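Quick note, the sequences are listed as chains Y and U, same order. Okay, so the first sequence: first residue is 1 according to the working numbering, each after it adds one. Okay, so the second sequence: first residue is 1 according to the working numbering, each after it adds one.
Bear in mind the hints are in silico, worked out from the structure with no lab data behind them. As the structure is a prediction and not an experimental result, all values here were calculated from the model. Any given hint could be a false lead.
As the list claims (entries may be wrong) - Listed below are the simulated DSS-like cross-link pairs for lysine-lysine, each with C-alpha atoms no more than 27 Å apart in a straight line:
hint : chain 1 : residue 1 : chain 2 : residue 2
1    : Y       : K176      : U       : K145
2    : U       : K141      : Y       : K176
3    : U       : K109      : Y       : K161
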Amino acid sequence: MSATTKVNGTPTLSSFGPQITLAAYPYPTYTLPSEPASPIAIRGRAEPVSSFSVPLAQAPSIDDIYRAMSVGSSELRTAVTLLKTALQWTDSALASLESAELIHADDAMQHVRALLPELFCCRRLGDGFGTVVNAAQSALENKHGEPLTENQIRSIRGALKSILDEPLIGFDAANKQVDRLESAGLSVDPSVMAAITAIG
Amino acid sequence: MMKAFLDTTILTTVLLKEGRPRDTCLIALKRYESTEMPVYAIKEFKAGPLSYWVWLHNKLKVGHSLAEGITAIRALNPLQVHRKATALEALEYALQKQKNVSIADWPEKYGGDGEPDRIMADRIRFSMRRRIAKAWNDRHKIADKTVLPLSCYHEVSPQEGKDGLLDIQPIRCDQPDCYLAKEMKKDPASLVKIRDSLSKLPQKPENVNRLRVIKEMIRVPKREVSDELCRKLGDAVFAFFAPPDAAILTTNAADHLPLAEALGKQVETP
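Chain U with its partners taken away, still in its complex shape (with noise of 0.2 Å):
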């Protein structure tokens, strides 16, 4: 394929992470004549990873602390297991060597900013801060072309407030009938061939939601669909809107790849 549709997994490995997975997704981007990407996936990218840095900084601004950081880490990040352990583990690493580097009579001298703890939080805080702007502005420049944008999502960036703390708000849509759902049910067969796919997939929670969501747009199609039924589509968006000579470029192929199939279309990976 010389086109590809991007997937939100490309835009969050470009644009927050780093080293080799990162090196990779940009030179698969360099193999395609074309490449768009839909706003959907900017929306996703906002509610999802974007949140989760945002969630992080503003948890290392208001407790001053790393290890704070880490608990928040271990109790509420949605990771799977093994790579918030390594995670935790490098994070408590980091701290180790920081409690190395700084000098006994900083924190007589410079109050909490001469902590070790605090000091490697606000390090970490403040790369996350540049990161999370730079992922923000740079969102449109990953695909040659952003295609399908919604009538009822604003792109807001996330803004500071007094008090230092990043808001990322909004991350839903402003309407009550999403309009991608409102496209997708002009093409009830395409719906029916989605939802067979995603019958005979593994039950786990986001095939069963969106089974259920696909399910109530073919059996009641007048019925309007809400922002919070709209992000269970996910996966299923890409493979509607895919163009038919475009790849979907994705580092999560297991799970777009049944849908795409589906309706005739190809899945590639990085």
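Same shape as in the complex, but just chain Y (with noise of 0.2 Å):
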């Protein structure tokens, strides 16, 4: 198994599944939808992706080249379709509220909530990506069933593209992801969380 190749001086993961390109920010070579899909077409998972490219905000270290390595393609495989199956949905709640379907626009979002303990299972991807993951399923559960706002629901949405363009993302990016979720007016962490405050 060869550990690293270079593409026009770009170094490159290869001999895996979805293939890691360690390329210049900032363009993913993968595109979503444009438009939000009807919650009939995306009701199903969509097929795994087999190739795409991840831009990383800076050089990656030889450690996060060998995380990539260590988790293969399986968890980088499931995130990515988890992800984008979770995009199409807040898309689908965006458009809905758009035009004032309320229930629709939160039906969509219990669909988001509903994907994200999948992708906290996806997590040896990294702290970061855990980080994130972890806070918008904190900030779906703390609303106890009252619906997002729209810039709730969009900054749940920026969350989760953050880690979809790069699913290595380190802590620091990671924690300013979580910040606009807390500036949204979210929860963002387990509400078992009240109970460690008491050790300090």
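Put the two chains together into one complex, using the hints given.
Right, dumping it as structure tokens:
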């Protein structure tokens, strides 16, 4: 198994299912559907993506490279599939809000919420990835059934998009995404953290 | 009082806690025209509450298990019994709840990362890690001014090791003689007042230890005060160094009040 090769001077991880191209920021080489998919169209899972590129904000460390190699294709492929589906649902929610279909919008976000626990199982991609998913999951749980505002849906979308663009996101960059969720008035910690605060 | 001198409990509540206690502290801080906090509070915060958080974070990281974390808290965490019981109950409930969310084939698909116990451990750990980092980054933002810099103590941020564990060292001073104790020994009359006040307080371990150090500082002023002894000074530092026109703002007025009153200073709570 070859570890790394160079394409036009850019190191590229090869020999894995979803290929990670350590390309220069900022252009991902895949695109999301430009129009929100209808709920019927996305009720089933999207097909696994066979090949995609992930831009990194900065040159990856050797640890990042080895981590990506050790995680292999399965978590990455699942994460991308789930994230793309989740983003389609958030887009659907936003479209529904625009046409004042509040129940459809809320229902779409329930689908996002249902995807996040499994997405969290892909956290071997890194603490940054896990931090963003955990925060998004907690944000939705902590609404306790109350519908999200448009701004909150957009912030969830932004957070999920950030880890789709950069699954190996660093911890500091992940924190910035979580800060944005907080700025939208979302509570980003699991409710059990209230108990943890008692230990200090 | 229009000025507040913040103690470690305020720093801890604002940086690590949530809900009403934190909100109350934040509102209280707005009561004052100006607020000051000594670096000693940061030192106490890092060696105490923040280090407990790092300890539990690392426990969850290494053990991959909330159940193990619960066992560790039960055995080691220096909490009052009733507070510990409440925390443990909530953690056990969270673990049960996670078992209902998890899908049976996740462990097969994702290995250990699909186990409910590990999922809950990691969710808590990620939140803890974020709050630890934020707490450290925001430590100077709570008060208008951080005062009394310590030449013997360096504020080094917690670091992540290659193993993913957080390292909170150093938590001690790097010089043999405490800078604050040297300053305190320049005012023996105040030390005597603190000693007299301490000698009347209940024989709690922290009071006994504090009294022993103060007595030593009065009796043999030339003797060095090590980092270990400096940490035992605790509340006496706040009583001694609080400016006369400031109130010591704390959530623990009971312990601060006798010492502050001995020096004619005030204590206020959020």
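Okay, the hints, checked on the actual structure:
The hinted pair formed by Y:K176 and U:K145 meets the criterion: a straight-line CA distance of about 26 Å does not exceed 27 Å. Distance restraint check for U:K141 and Y:K176: the Cα-Cα separation of roughly 18 Å lies within the 27 Å cut-off, and the hinted pair is therefore satisfied. Pair hint U:K109 plus Y:K161 holds up; C-alpha atoms about 24 Å apart against a cutoff of 27 Å.
When the structure is compared with the earlier hints, no violation turns up for any of them.
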